[in-house]
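Asks: Everything in the sequence shown is counted per our numbering, starting at 35 for the first residue and increasing by one.
For the record, the hints were derived by calculation from the structure and aren't laboratory data. Mixed in with the good hints, there may be bad ones.
Using C-beta positions, here's what the derived DEER-type ranges look like [what the hints assert, rightly or not]:
| no. | residue 1 | residue 2 | range |
| --- | --- | --- | --- |
| 1 | Arg796 | Leu950 | 54 to 62 angstroms |
| 2 | Ala211 | Arg137 | 20 to 28 angstroms |
| 3 | Ala271 | Glu761 | 15 to 23 angstroms |
| 4 | Arg944 | Val920 | 19 to 27 angstroms |
No farther apart than 25 angstroms at their CA atoms in a straight line, the calculated lysine to any residue pairs in the SDA-like style are these [what the hints assert, rightly or not]:
| no. | residue 1 | residue 2 |
| --- | --- | --- |
| 5 | Lys802 | Glu776 |
| 6 | Lys802 | Leu347 |
| 7 | Lys802 | Gly781 |
| 8 | Lys802 | Ala110 |
| 9 | Lys802 | Glu775 |
| 10 | Lys802 | Ala779 |
| 11 | Lys802 | Asp858 |
| 12 | Lys802 | Glu761 |
| 13 | Lys802 | Ala237 |
Since the structure is predicted, the reported quantities are computational estimates derived from the model, not experimental observations. Beta carbons are placed, not taken as given, at the ideal position from N, Cα and C, and that holds for glycine.
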Amino acid sequence: MRIALLGEVTAQVGVRPVDLGTPRQRCVLAALAVDAGQLVPADRLLRRVWGADTPRRGRATLHSHLSRLRGAFDGALTIAHRSGGYALEIDQEEPAVDLLRFRALRDQAEADDARTVALLTEAVALWRGTPLTGLSGDWVEAERDRWQQELWAVEQDLVDARLRAGHGEELVAGLLARAARHPLDERVAGQCMLALHRAGRSADALAHFRRLRDRLIGELGTEPRGEVQELHRRILAADPGLIAAPGPGVAVTPLPPRQLPAAPAPFVGRQEELDRLDAVLAPADGVALISAIGGAGGIGKTWLALRWAHRNLDRFPDGQLFVDLHGFSPAGQPARPVDVLGGFLEALGVGRDQQPADVERRAGLYRTLVADRRLLVVLDNAATTEQVSALLPGGRRCTVLVTGRTRLRGLIARHGARPVPLDVLTDAEARTLLATALGPGRARTAAPAIAELAELCGGLPLALALVAARAVADPRLPVDDVVADLRALGLAVFDSEDPADPTASLPTVLSWSLRHLTEQQRTAFALLGIAPGPDIGLSAAARLLGLPEREAHTTMRALADASLLERTPGSRYGMHDLVRAYATTVAAELPAEVRETALRRVLDFYTGTVNAADRLLNPHRDPIPLALPDADAHPHADAAAALAWCDAEHANLLAAQHTAARLHRHATVWHLAWGLHTFHYRRGHRHEHLAAWQAAAGAAGHLPGPDLVIVTHQVLGLTHSHLDHHEDALRHLHQALTAAEEHRATGHQAHTHRLLARAWSRQGDDLKALDHARRALDLYRGLDQPIGEADALNSVGWRAARLGDYETAREHCRAALALHRRLDDPTGEAATEDSLGYIEHHSGHHERAIAHYERSITMLRDLGNTHETPGVLESSGHPHLALGDVDRARAIWREAREMFREQGRTDDVRRVQQRLDDL
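Let the hints inform the model, and build the full structure from the sequences given.
Replies: What follows is the structure, given as structure tokens:
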């Protein structure tokens, strides 16, 4: 049996709802339930139910109500009559009345620090609305007020508990709303200040204190109390004690990460090293286990790490993280810890939009998430101890495998890593590896040659694999001929200990592979070694090599057959770092003009193709203010194909920009940032977008004309705003506006005002946002820029709607929609339909709202705008709910939740889940 008072008064027995009858009869039940288990004198019960208006036959009427209640519960409810009163008898251990359950949970939370958040959260969740809904009277009003004060106190205690547990950023929105409703509540103000500070918004926290102080002095004539002033002092002093990594409230992906590549096959030998890893990484309570596998390039460090990891998967039920740190990747920079941490956090369920920007805070969040997990972390191909240190988990239950060509002595000294040095394979192991690769029949007839090959390869696993691949690829080639080639070339030992040249002994085997290639293929191998990015597609490779695509495909296939390239799905090709290192040395022997021309061709290809993609993705975007090179761009069939190409080439485009910066090709740096703009926006790549435009800002100073500088500041301002870097956003946007005004660039002024409207909206100041939106609209109306005018109309309408002026909002947004439709601009049309959905919903026209939202969602899906779609989808659930269609609202929010989850946007997932829980 359950009796609910914290909302409408209801009851149920098992799953059967109980018909409680009239409001007066419900009040009788409530008046007993509030003191369930205790005797309520009849006179007091009468006053609770009727107040001063007790009927002349009040006791008889009360008795009738009690009889009907007993009948409605069909024997499940006991109302005892004794000593001139009545008692509702319940189980005191598990209260059947939600009010009593609420109080019991509150009391338990006070006595159980470890479960405070969980207990108080459960207590607050019992509230379904205004208590005693549908009842009236003096007693009802007094109880309702008292219970709501109890709820307020519990909610305050819950916020304090969550702050103690390390939460901050996710509490900000709720606390700001609460502070707005209770502007003089110093406890709420202190909570809000601390949450803002932890969210990286210390300036907002200090501003909040100033507003509180002004109100207290102005309205009450008093200063804030000591605790709030002390918090203000500590924020000013940047007291590190105020910063705490998020606690249990951080959402993680429901599936543990499984990032290990496939186990190496065939794998031969290394039993001694595997046993040593078993010993040094044996499970031990309270000890973080780190092992550093070291040795020369090509010695098999990664193979050993993966072999051990796959043999011990059952030890790590919470998942495995793997990353190639590119410590020795000559064509690019070693992986930055901040970027690696971003990938790890995404694998652990923290979306890119929710991640801190700096390495220290990312590392802190990462260590918090893995603190209590049995997790394996494999850090492959490390360059230095410094690169690895930020990636080490702080938990005592994690195991870390680090591989590197250098000995990483700092890792051993500072972090207690257990070294596992690798040597070459024994002769027997090397012969077994070659025999396994060649197959039993061929191995039996070529046993002497296999033994000699093993000796000449010096037991180096990579050399053995390459030799075996060559022999297997041509079954007609006698193994004796392979031996003769290697002996004639004087194969060197492959276990060089020289840290300055870890691949010194590999060129012999690799040059042997090159001997079997044509001159064109050898040049192609060299040029592929200096191509930007982790892999390359066929079209880009053709431009790099200066060949038609069909001929380039033949060349790439020959290199893959020689085990110098690895082909992956989608006609893409990659190189192992060691092979790429050798290719780079080969490229150094080419004439400088050949290298520079090849890089120019591929950079121009990437530049032209990404800008062609951008024009398809957003055909109404302003023309690029810097002439593009006359390049042979890859054709895109349509916008969907353009989007797919950008997805596949994203890492290469970023690497191309880095290469262009290194070569001082400033126009290319800027062109690439411009071309990635729409793609980054639709896919939500905010941090990558910021880095690209920061590079463009450096290039813009070397290029002519003010337009590039203005546009760069505009985009940096917009991007900082999306990342909630509000001060940086306003700084860049005001620089853009100042430059636009100095050069009388009215179009840039209008666009900058529109961006300032966005920035102020994200800070919650819709009045300032509306002012900038109106300025933008006024300026656009004086220009022949109808797209800008349409966007500005929608901007004004949206801000007016946010401020509650729905008529003005509707007028502007309908005008915007008509203009976008006339201009055939689906991007602007989708945004405006979303605005109109909001306006109609909040105006009470829910069916109209649904129609607008559905049109917006359809267009966003057609545009491939995966970042914006779930947000509009979430909004569309509200009018369905308002119309009473709970099932449809639930289905919509479930779809939105899954889309947010797929994008790793955990805060959005949590918010939508709460909506679902509230249904």
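Asks: Next step is simple, just say for each hint if it's right about the structure.
Replies: Against the structure, the hints come out as follows:
1. Arg796 <-> Leu950: 54 to 62 angstroms: Taking Cβ atoms as reference, Arg796 and Leu950 lie about 26 angstroms apart, which means the hint is violated.
2. Ala211 <-> Arg137: 20 to 28 angstroms: Holds, since Ala211 and Arg137 (Cβ atoms, about 26 angstroms apart) stay within the stated range.
3. Ala271 <-> Glu761: 15 to 23 angstroms: Taking Cβ atoms as reference, Ala271 and Glu761 lie about 20 angstroms apart, which means the hint holds.
4. Arg944 <-> Val920: 19 to 27 angstroms: Hint holds: Cβ distance 21 angstroms, inside 19 to 27 angstroms.
5. Lys802 <-> Glu776: holds, 23 angstroms
6. Lys802 <-> Leu347: violated, 56 angstroms
7. Lys802 <-> Gly781: This hinted pair holds, its Cα atoms lying about 20 angstroms apart.
8. Lys802 <-> Ala110: violated, 60 angstroms
9. Lys802 <-> Glu775: The hint holds at about 20 angstroms.
10. Lys802 <-> Ala779: holds, 22 angstroms
11. Lys802 <-> Asp858: Distance of about 30 angstroms is beyond 25 angstroms: violated.
12. Lys802 <-> Glu761: Status holds; Cα separation ~15 angstroms.
13. Lys802 <-> Ala237: Answer holds: Lys802 to Ala237 is near 19 angstroms, not above 25 angstroms.
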